[in-house]
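> Residue strings, one per chain:
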Amino acid sequence: MRPELTLPTGHASSPTDRRLNALLRHLSSSSSSSSSAMDTNNSISPSPTSAFQHDSVFSHVVQAPEDPILGVTVAYNKDPSPVKLNLGVGAYRTEEGKPLVLNVVRKAEQQLVNDRARVKEYLPIIGLAEFNKLSAKLIFGADSPAIQENRVTTVQCLSGTGSLRVGAEFLAKHYHQRTIYVPLPTWGNHPKVFTLAGLSVKTYRYYDPATRGLNFQGLLEDLGSAPAGAIVLLHACAHNPTGVDPTLQQWEQIRQLMRSKKLLPFFDSAYQGFASGSLDADAQSVRMFVADGGECLAAQSYAKNMGLYGERVGALSIVCKTADVAGKVESQLKLVIRPMYSNPPIHGASIVAAILRDRNLYSEWTIELKAMADRIISMRHQLCDALRARGTPGDWSHIIKQIGMFTFTGLNSKQVTFMTKEYHIYMTSDGRISMAGLSSKTVPHLADAIHAAVTRVV
Amino acid sequence: MRRFFTSTARRRCSTKNIAWWDHVLPAPKDPIVGVTEAFHADSSPNKINLGVGAYRDDEGRPVVLQCVREAEARIAGSRFLESNSAAVSSKMVEESVKLVYGQDSDVVNEGRFAGVQALSGTGACRLFAEFQRRFHPESRIYLPDPTWSNHHNIWRDAQVPAKNYHYYHPDSKGLNFSALIDDIKNAPDGSFFLLHPCAQNPTGVDPTEDQWKEISYQCKVKNHFPFFDMAYQGFASGDLEKDARAIRIFLEDEHLIGCAQSFAKNMVLYGHRVGCLSILCNDSKQGAAVRSQLQQIASAMYGSPPVHGVLLVSTILSNPDMKSLWIEEVKMMLYRIQKMRTTLQESLENLDSPLNWENITKQVGLFFFSGLTPNQVAQLAREFHIYMTRDGRISMSGVTTGNVNYLANAIHEVTRSSKEETKILCNIGA
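So the sequences go chain by chain: A and B.
For the first sequence, the working numbering gives the first residue as -6, with consecutive numbering after it.
For the second sequence, the working numbering gives the first residue as 489, with consecutive numbering after it.
One or more hints might be untrue.
What the hints assert, rightly or not - Okay, the calculated bits of chain B under chain A, using three or more residues with CB under 8 Å as the criterion: (1) 755 to 763; (2) 781 to 787; (3) 801 to 815; (4) 875 to 884.
It is worth saying that the hints were derived from the structure and are not from the lab.
Please read all numbers here as calculations on a predicted model, not as lab measurements.
Yeah, the Cβ is synthetic: ideal placement off N, Cα and C, and Gly gets one too.
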């Protein structure tokens, strides 16, 4: 690998001189002169200390493909059109198209800043204890027997992604089954998170393109034929990307099937409160499973429902059969976390804890949360009405039937490309739009674009 | 809720399910974090925590730097919602890498590097380890003996095997330089070596400038990949530039290094998890490619780092007044540590300890690698309520004017109580 080069001539830079002198010192027994090394030993192979730059050991590294969701925003930012619309990433926007900091978050943050007694010490490996307790109560219900019996271990993690990854790494190490079933389709990052954690990923049928609703039969068949003990990823509410959720009755059937096959539920709860506007209603699926006394995992994110996207606040809970087991599981979770990032970040969790523990702030939060959810529901109705008013061919009722931030429009990738090119509408190529990116002002433009795409592009 | 279920449903309740986690054993406690836990459990008024390397003032209290308070007041409420505004993150990365590579560094100006923010030093090391595994799957990492205990966990969990190289000489309590050089020479060409650029953790023993030049030269001959874990810039000499000297030597020798940086200690931002990983490349295009791969790895682990800490660091480093204030505050912290070193050494000498304690002031950084045996460490905890890691590493930031005499007495007690151990220490102390 080392090229044979002659010494460079006329080299003036002192680092090179120093290196060459160092080289000479090693090769000759007497101390070297301080003169340039040019006129000495010509049989030296100079490559280790020459100015010639070796190739980086990473020169074979290729550019990674862009994340499809974040790539949408990148493309949007480049577009100079004044009517451009970003319906890609699921971050909430106001009617004015601006990001939103919840008032209650501002208040909590100001409290933290003003409290001069606060310090920036390391959190414990599993994070802020109060945050963990409050998070468990939020998802499982304050009166959950699992909590009261100390059968739940909750660890603070970096938003939903971090909670999923820590949970999956724990399963890959300690659980007897290394296959996880994810719905088809699911959030694009799910398969990557699970695969890198050491699990193998399979899918179960979920979305029915024909009805733009749930393929319940297919779901039951696929889960029914999964090997006993397999892990099953369930979106707690507001399925991403389809917005299609099982009804409570369907959830009950899913629960019965899973318990009979000893399948392990792993909930991803990223939209609690955002789907219906009610925190309790949006946690029903999870609580149903916990109520039957069985075990499960739940990943929670505060990115959307508290608008804390960038602060990376989340929690992983594992509900166990006994308090003793929960304690052992918690100790093993620490071993996953410590070599990953040692301990979680303090800021976001402190904000969440401040809000959840204070009755007034909590109440204010629920109001702001409902307002966000209501605005999204209103956008759904407006878009549906606008399409019907234009006589756009097709049944658009799924727009109001689907739940949460996203609508799976049913548009194909050609139609999506058309809409981006002609109407400057940015969305993921699977036809998913983020309703949070819409406003009353921009609904007509989107409706025009969809109408054009459906009538002109097949 | 069970009473609302039908009897059919109740038969399917999971009371008879396999308990999935019965086989899960309780995990061993982390050696460093476990010390703090033991300390908290102790109710003695005399207790001293010399475990984790988190800075304390002379009253034994954690501090918040003034520059951080100012930055925080400035950014409160002006939050960035999405996972990192690109401008903020690249600003923070640029300012961070300038600290290690130099304000006028060509490498930085020409963009010949890949830089990403990371979850403090741990996160930066883990990102690199995962990247190393992905693109050099057959490689291993050479770690100094001893090193921070979590280094072993990090590379193990990234599935990169580790090997030790000689570093600390327990007899001289200094650097085992010749053995270190031998290990560099004997390792296969193109090996990955982890180096602490200053204030080595746990030993506090750093190579001299000449020794660094030799290490750099030998690494160049062997085409090794040098990876620096810079966790204590500013805590070795008080001078940020001086503490980066080792890295600059390697840059002058045109190594394409990797570097993990932590702002936990020198900005007292432990809980915010702010750090940076950089890898030097041949050109900016390669830098972009490497960066994209690092982001992919991060994205499947935690998405992106928390924005609050990133904003704080970026604000402080980009604002000349705040940066000057920060540099001064780092010096102040170090001066207190150095004063405690001097005081502890003097106290032990005044107690007529037969042992040689000059290493207290010879070693640099936050830690004093005391040479105390595990038995002596246990005795200190048991009888004196003084807590440190089993390897005898003492975090000097836990020492105050108020407790230094108590500590000196305690150390004196345990080191003269065992004749055998004392004899050994005496013989090698000179």
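> Next step is simple, just say for each hint if it's right about the structure.
Evaluation of the provided hints:
1. 755 to 763: holds (count 6)
2. 781 to 787: Three-residue rule met by the region 781 to 787 of chain B, so holds; n is 5.
3. 801 to 815: This one is violated; 0 residues, fewer than the three required, reach chain A with a Cβ under 8 Å.
4. 875 to 884: violated (count 0)
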